[in-house]
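Taking the hints into account, I'd like the entire structure generated from these sequences.
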Amino acid sequence: MEVLDRPLPRATFEDLALPLFDQLYNFACWLTEDTTEAEDLVQETYVKALRGFSSFQAGTNFRAWIYRILRNSFLSSRTGLKTMVSFDEEDSVVIESPETSPESALMELADRERVQQALEELPVHFREILLLCEVEEMSYQEIAETLSIAPGTVMSRLFRARKALRVLLEKKLQGKTHGM
Amino acid sequence: MACDVGREKLDAYLDGELPSTDAAALSAHMRGCNSCALDALERVQMKRAVATAGRRHEPSAELRAKISRTIAAKPQSSRATRRWFWILAAPALLVLVLSVAVNFYVSRETARRQRIYSELADLHVATLASATPVDVVSTDRHTVKPWFQGRIPFTFNLPELQGTDFTLVGGRVTYLAQTPGAHLIYQIRKHEISVFIFQDRAETQNFAAGSANALSFNIDTWTQNGLRYFLIGDVGLPDIQSLSKLLQDAK
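Quick note, the sequences are listed as chains A and B, same order.
Under this note's numbering, think of the first position of the first sequence as 1, with each following residue one higher.
Under this note's numbering, think of the first position of the second sequence as 181, with each following residue one higher.
In short, the hints are calculated from the structure, not lab data.
Since this is a predicted model, take the numbers as computed values, not measurements.
Ideal placement from N, C-alpha and C gives every residue a C-beta, glycine not left out.
Among the clues, some could well be false.
Derived contacts from chain B toward chain A, CB cut-off under 7 Å, selection only [claimed, not checked]:
#1 188
#2 229
#3 230
#4 232
#5 234
#6 239
#7 243
#8 247
#9 251
Structural data, given as structure tokens:
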């Protein structure tokens with residue numbers, strides 16, 4: 001495969017970056033949990049990406065590259081720095097396995113609002129990997145590039161993220177049942 | 181857990197990340213293991229629920245315009261040449277900004293369409309995989325159509341199928357972008373075709389009528405009397421279009 005070693009022309013940046021605008025904004029909102037901060041984050045991302053585009057290597061994954069810029073910008077923001085605690089404590093997170101029957105979970109999962117609430121309550125490192133996998137439909141390799149982690153870690157973190165989400169949904173279901 | 185297949189492996193399988201030999205072995209295993217098959221179904225439902233719930237935030241038009249300007253802006257030039265540059269480049273810059281805006285719109289619409297198609301393909305597959313794919317089981321349109329009364333906020337006509345290869349299997353209420361609609365299943369030569377009918381709202385407006393292919397399914401869509409129809413199935417496009425024609429002519 002031929003790999004270009006010269007910077008890509010600016011028109012190519014538009015072609016690559018514009019279709020990702022809606023998704024980047026959605027992802028930024030989920031990270032920051034604040035629309036104003038998300039708008040600033042997306043703007044900062046586009047400015048940084050445009051400025052650094054000459055260093056982007058043609059043939060590599062642009063989507064993972066620009067998501068990495070957004071995520072790194074978030075992590076260095078004031079809100080992002082606060083979430084660093086949950087990143088550092090990732091390995092110590094203990095998730096109790098829920099005693100959930102598939103049928104009861106299915107009933108619960110049908111409720112979009114409750115899934116959104118559960119996603120909000122997840123630690124950021126679980127929330128972001130679930131969104132990259134399910135909403136952005138990124139491959140494990142792309143997720144690994146975006147989060148700067150090993151592909152094996154993607155698999156195990158995703159597994160734990162899903163487990164944590166299931167626990168939260170199960171708790172919500174129990175709360176709903178008790179409240180009735 | 182009734183068997184020793186790791187759930188992490190099952191997740192990787194459903195994410196399409198398992199090597200083909202492992203995927204084939206797990207697929208064969210699931211055909212005989214109820215526990216794994218049920219768990220897989222629940223996990224697919226959860227993937228779908230997260231995918232739907234995760235698409236939550238839409239950027240404002242102002243932000244879109246700001247980003248357009250950022251991308252279209254030229255690099256800084258020296259002060260001496262800057263004024264002349266702007267005088268000469270302003271029309272070109274305007275064209276560039278407009279083209280970026282148009283590009284934005286087109287790419288956004290394409291992404292929106294793909295998202296809807298993908299969601300419909302998920303609904304089609306999940307329904308067929310379900311133990312009870314339809315809530316009203318009948319080949320009679322005069323049974324199926326009245327069943328929807330009071331369950332969805334509109335009514336529709338179903339075609340007479342006598343003399344055609346199509347059979348009506350039944351229907352159920354479904355949701356697309358939190359909007360209720362009708363999901364009908366038709367059969368032709370042992371293949372199922374899903375017919376989705378919704379009120380034509382913001383989420384589906386401006387879809388051009390016509391056929392498409394998404395995730396290897398053939399799709400047809402059109403609007404009629406304020407309703408948006410989608411047909412999706414793994415049969416050839418001529419079969420999809422024949423059923424579309426029957427539905428369009430239904431009285």
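Quick rundown of the hints versus the structure:
Among the interface hints, the one on residue 188 (chain B) holds; its C-beta lies about 4 Å from the nearest C-beta in chain A, closer than the 7 Å criterion. Interface restraint check for residue 229 (chain B): the shortest CB-CB distance to chain A comes to about 4 Å, inside 7 Å, so the restraint holds. Interface hint at residue 230 (chain B): satisfied, since its Cβ lies 4 Å from the closest Cβ of chain A, which is below the 7 Å cut-off. A hinted interface residue such as residue 232 (chain B) counts as satisfied when its beta carbon comes closer than 7 Å to some beta carbon of chain A; here the least separation is about 6 Å, so the hint holds.
At its closest, the beta carbon of residue 234 (chain B) sits 4 Å from a beta carbon of chain A; the interface hint therefore holds under the 7 Å criterion. With its C-beta approaching chain A no nearer than about 4 Å, residue 239 (chain B) sits inside the 7 Å limit, and its interface hint holds. Taken as an interface hint, residue 243 (chain B) checks out: its beta carbon lies about 5 Å from the nearest beta carbon of chain A, inside 7 Å. Checking residue 247 (chain B) against chain A by beta carbon gives a least distance of about 5 Å; that is within 7 Å, so the hint holds.
Checking residue 251 (chain B) against chain A: minimum C-beta separation of about 6 Å stays under 7 Å; hint holds.
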